[in-house]
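Going line by line, the protein sequences match chains A and B. Reminder that position 122 of the first sequence reads as 113 in the numbering used here, one-by-one numbering, no gaps. Reminder that position 238 of the second sequence reads as 257 in the numbering used here, one-by-one numbering, no gaps.
Keep in mind that the hints were calculated from the coordinates and are not lab data. Since the structure is predicted, the reported quantities are computational estimates derived from the model, not experimental observations. Incorrect hints may have been included.
[Claimed, not checked] Below, a list of computed lysine-lysine pairs in the BS3-like style, where the Cα atoms sit at most 30 Å apart:
| # | chain 1 | residue 1 | chain 2 | residue 2 |
| --- | --- | --- | --- | --- |
| 1 | A | Lys132 | A | Lys274 |
| 2 | A | Lys276 | B | Lys248 |
| 3 | B | Lys248 | B | Lys197 |
| 4 | A | Lys50 | A | Lys132 |
| 5 | B | Lys116 | A | Lys274 |
[As the list claims (entries may be wrong)] What follows is a set of in silico ranges between Cβ atoms, one per label pair, in the way DEER data are often shown:
| # | chain 1 | residue 1 | chain 2 | residue 2 | range |
| --- | --- | --- | --- | --- | --- |
| 6 | B | Ile276 | A | Asp131 | 55 to 61 Å |
| 7 | A | Arg198 | B | Glu188 | 46 to 52 Å |
| 8 | B | Glu188 | A | Thr219 | 53 to 59 Å |
| 9 | A | Glu162 | B | Gly300 | 55 to 61 Å |
| 10 | B | Gly421 | A | Ser65 | 32 to 38 Å |
| 11 | B | Arg385 | A | Glu345 | 25 to 31 Å |
| 12 | B | Gly421 | A | Leu289 | 27 to 33 Å |
[To be verified] Reference excerpt, derived from the structure (chain B facing chain A, CB under 8 Å, subset only):
| # | residue |
| --- | --- |
| 13 | Leu111 |
| 14 | Gln286 |
| 15 | Leu289 |
| 16 | Pro320 |
| 17 | Phe322 |
| 18 | Ser328 |
| 19 | Leu369 |
| 20 | Arg370 |
| 21 | Glu399 |
Glycine included, each C-beta is placed from N, C-alpha and C at the ideal position.
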Amino acid sequence: MTPDSSSSPTDRKQNPELWMRRHWHLDGNPFPPNGIAALAREDNRENGRLFRPEVHPEKIPEAVDKFVVGAVYSGLKFGYLWSISGPASNDYRGYGKSSMLQYLVEETNKDLGRTVLTSAGFSAEEADSDPICAVLASFDKGVNTSLAAVFHQATDYACKYRKPATKHEPESDTLAERLHARLVERLGTDDPTALADAVQGVSDGIRGRTLGPPLDPFVQLLCAGDATALGRYVTQIKSGARSRVGAANFLSTFLLFAKAAGISHVLLGCDQLEDFAATTTSKQKRTLETERFRDFVLELMPMADMLTIVVTMHPRAQAAISEMWRLADLPSMAWDLEENEGHVVVLREIEGVEHAKALLRPYLDEARPATAPQGALEPLTEESVEALLDRSDGKPRDILRKAHALVQRAARENWEQIGGEDARKILDSLALPDDDEELAPATGRSRSLEEGW
Amino acid sequence: MTVTRSVGQGIPRLQELGFLLSAVKAVARGGTFELVRRGLIEQMSVRSLENTPSGNSARHRIADEKPGLYVNNASEALAELMRVGLVERAQLPSSAKAARAYAGTRFLLTEDGVAFAEMLEEQGEPAALDSLLKRLWSIHPQLAGYIRLLSCSGVLVVPSLTWSAVHPETTGREGREKYVAALVERVVSAVASGRAGWEAEASEVHQAIAAYVARREAYADKRGRPAYKRSGDFVSDCDQAVTVLALRKAGVGVDYISFEILRRWTQDLLVANFSYWVPAGEATAMRAWGTAAVSEDDGTPSFDRRPPSPEWAVRIEQLLPEAFRTVRAEEGDSSFVPIWKVRAYICSQLRVNDVVFDSALRDFQRRARRGELPFQIALEVSTGGSIPPTERPLRGIPDRYGRETLFSLINVSARRERTNA
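Next comes chain B alone, as it looks inside the complex:
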């Protein structure tokens, strides 16, 4: 298999693709570097409200008062816009300290950039994102490779294993060998099923983990620090090693951080999705799947996406009771189960993005109020613990006061007929 290597540009360390749109808007308004930076902070502050049931966005509010924060993001966003040809090339601050000198610096859109800004203004984010993806496609072969992979094979499965699954009792570093052996066995078993989207021998998996861990240990040694303070850190490195190997074996040469960024970008671009929470019994894994058909004409891609629609809502309505039962079977005795697990089950089955599920659920809320759903759904705001960082709660329909509640738990049960007293 041909591995897509980094012959183009590396993936910029931009946690949010939306930073590019925010930066374009700021530059189009004649904004300075400082305004670009503040725009990103504002965006993250609102995003934090979106994903935090508590609504606590203090971290981002204080960021505004610290001039060094989000400098890298602002520089990266502007640099990426220069690379894709939307902003004229110019110097950018390389550190928070240097940013002060650039606070008043203004940037210029290229002709393409002006057209892009107009498209964003007039046609909205989806059209702009589609256009942006075509530009990113040409300069980031890893991104193109990842999307092609999921478009062709449909799914990529990277098995994972918790420390406690191997060591139910507290165990220190002496437990690492046994953990690695169990992980390799898990990976080989998943690969042998032929449904993982990649292939590798046990020795390759073992070697990949050993090399990854050795690099970390050497790095830590140099600084006189322990490589792994907790078992969780070791597990995380093993997971990263297997993920990078899986991607390489599937034809996408990319480092782990770049992959983390890619998988978020492709969600926003509505071309792929992923979750660690698809219920599969013992076979825990990171599962990624394509959510758009991709075709290429002379190197220019086009995407047939699956945005929210009444048709998808019907499919989700059919699948929701089964998804709830499946998740519940793994959750023990609880009447309510995490909504993100139900979402992961349905989205992975239907090969759609989270937004398709969320949109359908909001439609179900409205229909349930009118008594039009064939089952009953109950939603709850609280959680038994924190929401995993890769998942988010469901934003419900506005209540009587226009507030949109973030729900974390769901119950699906047989419909109860209303009585009229």
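This is chain A alone, in the form it adopts within the complex:
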């Protein structure tokens, strides 16, 4: 658009991106436009990297108690991470299940469970004597529609995923690298042949049913400690092969490697179960795959001994597979039954402004120069965060999206700071204010005759 010729250059507002840099000292808009955490994204705003436990301060300890401690000490095989919304919402997504699961997995891998177990009250010695690691995978509507594909993806995570660096934390090692180091330390040698023999020894010790012998080339690469070659090997498996049962043997082999490194418990965080349960997947396939959950996790070795699965749950997934799940005699996934309390964690909306600030601060820190002090809210204020919380029904994804829109608009207006009143005005222009919702006209629907009475 041509600038208005009648306005002088001094009247013209500064470009919003420039305003953010010059006046707010931010690299750009700190908040994500989508708020959908995707593990592989490079942008830290969009990959779940900036999740902090203070957002759900009671839920992280609960998840550690139930899922991690349960996996190590109580023989937990299935855990369910739900999000449940209030009565007026029609969407159970965006509450932070994926980010929280990712956080739990990464926190566990940081020092093979030591931090999380000690935070639950165990001593360092106890934690060290029962180490645990974790992997992450997700169903989707493309390739990863089978449990075998998800197992392969979990292996891919273990061999390739590095927790991205932020301005305040360096990039992490892969889980495979950590386990390799541990195995080397245990055996006192880095000779790949000796390490592979140890893995083979674990395999030889298994007496129950397995998916087959360990994948020898994979074992060799795991033991060679060459992360690049290992990553390439795992990636080269073609999409068709990933969905076949044989793909599950990658995780099975990886578990043997973990066991050789002295890790007896592996947590698999499994996201997007609703995609596996989507009605676009045939009922026959869903039934078969549900039965595979039982086979792979409860009956086949080494998974039956080592693996605990935590799945993120959605009403749609439950509606689609709960009957098959029950027929396969898998543990109940209902979130509201007292008897399931030990293996279910339910996320709900954020209710306090401190939680909202905990959600927003890491994004602001990441957008500021590394040398800047951390934890400041500017250009937001206490009042504008309250407005964001109030206008988002406490759903983290909505808070982040609205924060993005709010900051963008404030930068366009060249505001020094975003006050509560200004924030409310902008947020109300994006949606109906709470008080008017009940009076809002219906869009495009007529009433049935019955409703006219």
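We have chain A already, so just place chain B on it with the hints.
For chain B alone, coordinates are given in the frame of chain A:
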């Protein structure tokens, strides 16, 4: 028992009572036959949005481009308005082909029709529907009989049985005899309880089913086609046979299609309701119940209806947790249960229409937002399968963007106190 026979007019094949109101409005505006037809298509298109969570109304949108569609509905609606004395009698197209010649034909309201159109405009649909019901009452004895039946006995229960309940394994036509025997046993047992609203001997039930099936087979034979391609078709015919018998035994002589129309009309008229989904364990059945007290003065009926009100909302609030628990007990392990089953439980218990439940639920949504409900409700849009054709989802209160979401599943749980961090 006296059986109401079709001494008056048969029930017109009008799937929606609203077609009559739509047609009156079109005629009052001087509209042509084509405009009446298009008005009905438009109405069904919007109705489809109302009941389809996906919002897919493609079927009705393309109907607009096919001049033969909804011709029968338009003709039936106009003919019915002529029968009840609201539109001057005139010729109507009897086929889609003939409709082209009538596309520009206009119709005239009678004096009563003008008054009715004014009432519809000024007092709204409830007043117009009440007036219309009194006219329908006088020309359709089956309608009057059905409403009287439910008003007096309160309920009509027609037991049903799925094929798989009798044959868990795949079974062909050789399984029919066993199915019929099981159905008859189920029906006789329900009737013997004295709460079905009708009585019949086992032999009568058996004979009614046999006759219904024989008619279908003879019809199919004539055309060289199999009578039943799937077990579901056979089950459907058995259900129809038992329903027609139940109604006849209860004093209402009506064929099955007419009954299907009547039960929808009476829902819209807020005088009766029905559902196949009232939770009752093994005792699955179509249950119909009256939702208005009827009194007659010199052949003119008056109706004391139970529209949505704060009092009904209180009753529903008391019953909702129990209804959820009851449905859930039948749904296995799921935290969410179909909303229409909870609705059927409550509406059948309180003898009210679906709209009373839906209105109360929308009130609960608002109150739950303010933390004023003694329990917590969670609603979900998706379903584990399709919504049964006789049921509909719950239309929730508008969200921040004015959109009204259609919910299919519900959870009711203990209230969680809010924490202030």
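How the hints compare with the structure:
1. A/Lys132 / A/Lys274: Status holds; Cα separation ~15 Å.
2. A/Lys276 / B/Lys248: Status holds; Cα separation ~27 Å.
3. B/Lys248 / B/Lys197: holds, 18 Å
4. A/Lys50 / A/Lys132: holds, 29 Å
5. B/Lys116 / A/Lys274: violated, 44 Å
6. B/Ile276 / A/Asp131: 55 to 61 Å: Because 46 Å falls outside the window, the suggested range is violated.
7. A/Arg198 / B/Glu188: 46 to 52 Å: Taking Cβ atoms as reference, A/Arg198 and B/Glu188 lie about 38 Å apart, which means the hint is violated.
8. B/Glu188 / A/Thr219: 53 to 59 Å: Given range 53 to 59 Å: holds, Cβ gap about 56 Å.
9. A/Glu162 / B/Gly300: 55 to 61 Å: holds, 59 Å
10. B/Gly421 / A/Ser65: 32 to 38 Å: violated, 48 Å
11. B/Arg385 / A/Glu345: 25 to 31 Å: holds, 28 Å
12. B/Gly421 / A/Leu289: 27 to 33 Å: Given a distance of about 48 Å, which is not inside 27 to 33 Å, the answer is violated.
13. Leu111: violated, 24 Å
14. Gln286: holds, 6 Å
15. Leu289: Status holds, d = 5 Å.
16. Pro320: Check failed: Cβ of B/Pro320 comes no nearer than 17 Å to chain A, outside 8 Å.
17. Phe322: violated, 11 Å
18. Ser328: violated, 10 Å
19. Leu369: Not OK, violated: B/Leu369 not within 8 Å of chain A, min 15 Å.
20. Arg370: Violated. Min distance 15 Å.
21. Glu399: At 4 Å from the nearest chain A Cβ, B/Glu399 passes the 8 Å test, so the hint holds.
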